[in-house]
Amino acid sequence: MKYIDEFRDREKAAALIKEIEALVAEIPMAKERPIHIMEVCGGHTHSIFRYGIEGMLPKEIELVHGPGCPVCVLPMGRVDDCVAIAERPGVIFTTFGDAMRVPGSKKSLMQAKADGADIRMVYSPMDALEIARKNPEREVVFFGLGFETTMPSTALTVLQAEREGIANFSVFCNHITIVPTLKAILESPDLNIDAFIGPGHVSMVIGTAPYEFIASFYKKPMVVSGFEPLDVLQSIWMVLKQIKDGRAEIENQYARVVPDAGNSAAQDAVEKVYELRDFFEWRGLGSIDHSGVKLRAAYARYDAELKFALPNLQVADPAACQCGAVLKGVIKPWQCALFGTACTPETPLGALMVSSEGSCAAYYQYGGIKAQAGAA
Amino acid sequence: MNVMPFPKPRRLGKVNVPTVTLAHGGGGKAMKDLIDDVFVSAFDNGTLAPLEDQARIDLAAVAAQGDRLAFTTDSFVVDPVVFPGGDIGKLAVCGTVNDLAVGGARPLYLSCAAIIEEGVSLDLLRQIAGSMAEAARDAGVGIVTGDTKVVHKGACDKLFLTTTGVGVSGKVWNSAPSRRPGDMVLVNGLLGDHGAAILGARGDMALESPIESDCAALHGLIEALLAAAPGTRALRDATRGGLATVLNEIADASDTEIEIDETTTPIREEVKGFCEILGLDPLYLANEGKVAAVVPPEEADAALSAMQAHPLGAGTRIIGTVKDGEPGRVTMRTVFGGRRIVDMLVGEQLPRIC
Amino acid sequence: MKRQVNIACIVSDDRPAESCVGDWVLVHVGFAMSRIDEKEAAETLKILTELGEAQAEIEAMRLSATEVGRAAS
Ligand code: SF4
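Protein chains in written order, with this note's numbering: chain A, 1 to 376; chain B, 1 to 354; chain C, 1 to 73.
Worth flagging that the hints you see were computed from the coordinates, not collected in a lab. Watch out, some of these pointers could steer you wrong.
Stated by the list, open to error - Pairs of lysine-lysine, DSSO-like flavour, derived with a Cα cap of 30 Å:
#  : chain 1 : residue 1 : chain 2 : residue 2
1  : A       : Lys-31    : A       : Lys-332
2  : B       : Lys-272   : A       : Lys-2
3  : A       : Lys-113   : B       : Lys-158
4  : B       : Lys-272   : C       : Lys-2
5  : C       : Lys-46    : A       : Lys-59
6  : C       : Lys-39    : A       : Lys-244
7  : A       : Lys-107   : A       : Lys-307
8  : C       : Lys-46    : A       : Lys-2
9  : B       : Lys-32    : B       : Lys-158
10 : A       : Lys-59    : A       : Lys-241
Construct the entire structure; sequences and hints are all you get.
Below is the structure:
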């Protein structure tokens with residue numbers, strides 16, 4: 001496939017690894033402790049495990065897998081709300097596939113479907129709107145979730161519904177924003193991260209300017225990166241060069257997709273349809289100010305939260321769950337007491353075990369619980 | 001007094017309404033007509049024609065072909081019932097034939113039990129029975145007994161089929177339990193076609209794809225393989241859970257590690273694209289005409305050429321080796337040069353968004 | 001593989017829909033979000049290719065240096 005296979009080339013990878021090794025040798029700090037690089041986006045975590053990148057890197061580099069997957073960070077209370085909407089008679093609840101397994105306090109959407117709720121997986125919010133067109137007597141709700149990457153597509157779908165006057169369509173909006181989340185991570189006192197691999201798809205929407213504070217205020221380097229394995233390696237290399245030179249800048253490795261200014265049409269749609277919430281609850285991270293959006297009053301009739309009475313209860317994360325510490329790079333997934341015992345991909349307790357991109361699930365699946373068990 | 005000849009020649013019944021109703025499950029004439037019209041006329045063989053409650057088979061003729069009876073059963077509930085490259089009928093024949101074949105058995109007879117949802121069209125049933133008959137003919141097996149039930153709307157999804165298969169083995173090969181480091185892993189062609197074809201045909205993802213199911217009966221290919229490589233150590237058809245799952249099963253059962261190489265693992269560009277879009281891993285997609293074989297290194301070349309010479313094995317590749325590593329683990333050397341663990345799948349593969 | 005995709009985000013007055021035909025785009029959940037910039041893609045790959053070439057050169061120099069060293073001794 002064009003623009004894909006070229007970025008999976010073994011020889012170029014080998015050359016990059018050599019460069020990375022040479023750079024690490026020139027960074028004095030690496031002799032005392034590992035360099036911690038966080039990839040913010042779940043897509044990168046996926047590539048790293050999928051292509052075995054971690055094992056190719058010199059041991060002085062440790063990758064910390066970030067809050068990445070927007071599915072995983074949904075708190076139980078929100079999932080309970082989803083189930084409550086889906087179980088109302090007459091409702092067709094539509095969702096991206098990977099949200100099906102996220103545990104609520106009583107059940108996941110998968111279990112609700114087994115219990116008889118009409119829950120359908122869709123590839124795109126446009127497909128949800130199509131279901132609404134075809135079933136005018138039913139209420140069709142789309143489970144809007146994701147960072148800025150998916151925000152515009154949900155917004156454009158709402159605008160389309162408005163244009164066509166489709167009244168039986170609404171969105172249960174759980175979109176979240178990246179910048180406050182990064183701030184919350186950067187503010188934590190036990191932070192243990194030297195540099196960031198920045199999200200590629202979020203950036204193709206918002207551009208690179210919103211990250212400036214990371215370099216200017218927190219003095220951490222960041223490279224916005226593509227998702228092919230060579231992209232990730234090259235970004236690690238660029239980040240290391242910054243560390244070696246003592247620079248902290250926002251660089252763009254993914255220029256073939258990410259224009260510095262982002263996508264203005266997408267930004268306009270987002271601006272038009274959403275406003276910031278005062279705060280949004282995250283699984284594993286607690287409440288973060290201004291980290292979520294909801295539909296503006298002008299689109300209230302497409303807001304499932306207003307259309308249906310919701311329980312809207314806050315449900316606390318399990319006490320022994322250490323997702324926060326894993327997220328901030330303080331501990332590795334397998335150091336959490338619940339890892340692989342109470343918390344597994346079949347019965348996830350914490351956010352990071354939910355989708356294959358969560359760092360605990362990724363370690364469990366690819367990094368090998370078997371290897372851990374074998375070593376013990 | 002004359003003895004009535006057996007089997008009694010009889011006229012086959014016919015259904016003259018377009019859809020199945022509960023009346024067709026009532027045990028009366030309507031049901032007999034349904035069975036005649038759909039199944040008996042399609043399967044058309046001497047053992048089935050008398051339509052008794054059991055098929056009776058001459059033991060001596062069976063025993064002449066081997067010293068072991070192989071016996072297996074499988075249910076088929078695929079949605080949609082008709083998909084690019086096949087339908088549930090073809091699947092039900094090939095699936096059970098393959099379950100016999102991977103044990104080294106020659107498949108001989110099948111039974112077929114059908115659970116039909118009321119409201120299903122007769123034409124659809126005729127079409128599916130027709131493709132069962134064709135697949136059975138191609139595979140050289142007879143469908144010799146069967147059962148039909150009709151259930152209320154919603155009690156099943158259009159049509160469920162269960163086929164039980166009987167075959168004979170022992171003459172040529174019996175699955176050896178141990179695998180040794182250095183053994184080679186072969187697969188007979190492109191992976192993931194069936195899974196991608198089914199997901200595409202469901203239409204939920206509104207993806208138009210040209211991918212067809214690889215549904216095929218593999219006993220001929222396997223016979224050729226076993227003749228060329230009698231030391232073959234393991235055979236599995238990579239159905240649900242895909243190649244990754246069967247390799248894990250093999251590694252687990254033999255306490256060895258298997259390492260495969262992504263660059264030689266054959267996957268069609270369209271399937272790669274399909275997976276790329278939906279965030280799926282083709283190694284976990286179902287196949288219905290693919291077998292993974294583990295053969296000793298000295299027989300690998302013979303196995304490879306024997307399989308490649310068979311029409312269903314033209315795309316055969318050596319994809320990996322058995323190693324003396326972590327027992328029960330499957331790893332893959334990626335196109336990129338890294339290594340990753342290929343674990344058992346947890347639950348169902350769900351499309352990712354990010 | 002074929003699918004309907006929404007292109008609202010990649011068209012504008014100076015880039016009408018007709019001008020997109022044949023373009024490579026990045027599609028996310030059914031929406032084309034970015035046109036792939038061929039120049040930038042080539043640029044990224046060029047950097048990586050040059051890296052490999054530079055390494056090969058250094059390697060060659062090192063080898064010939066040892067050759068020279070050996071010849072001298
Ligand atoms: S093992 Fe489970 S609870 Fe522990 S950090 Fe990982 S996801 Fe959270």
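Hint-by-hint comparison with the structure:
| no. | hint | verdict |
| --- | --- | --- |
| 1 | A:Lys-31 with A:Lys-332 | holds (20 Å) |
| 2 | B:Lys-272 with A:Lys-2 | holds (12 Å) |
| 3 | A:Lys-113 with B:Lys-158 | holds (20 Å) |
| 4 | B:Lys-272 with C:Lys-2 | holds (14 Å) |
| 5 | C:Lys-46 with A:Lys-59 | holds (28 Å) |
| 6 | C:Lys-39 with A:Lys-244 | holds (29 Å) |
| 7 | A:Lys-107 with A:Lys-307 | holds (22 Å) |
| 8 | C:Lys-46 with A:Lys-2 | holds (16 Å) |
| 9 | B:Lys-32 with B:Lys-158 | holds (20 Å) |
| 10 | A:Lys-59 with A:Lys-241 | holds (17 Å) |
Of the numbered hints listed earlier, not one is contradicted by the structure.
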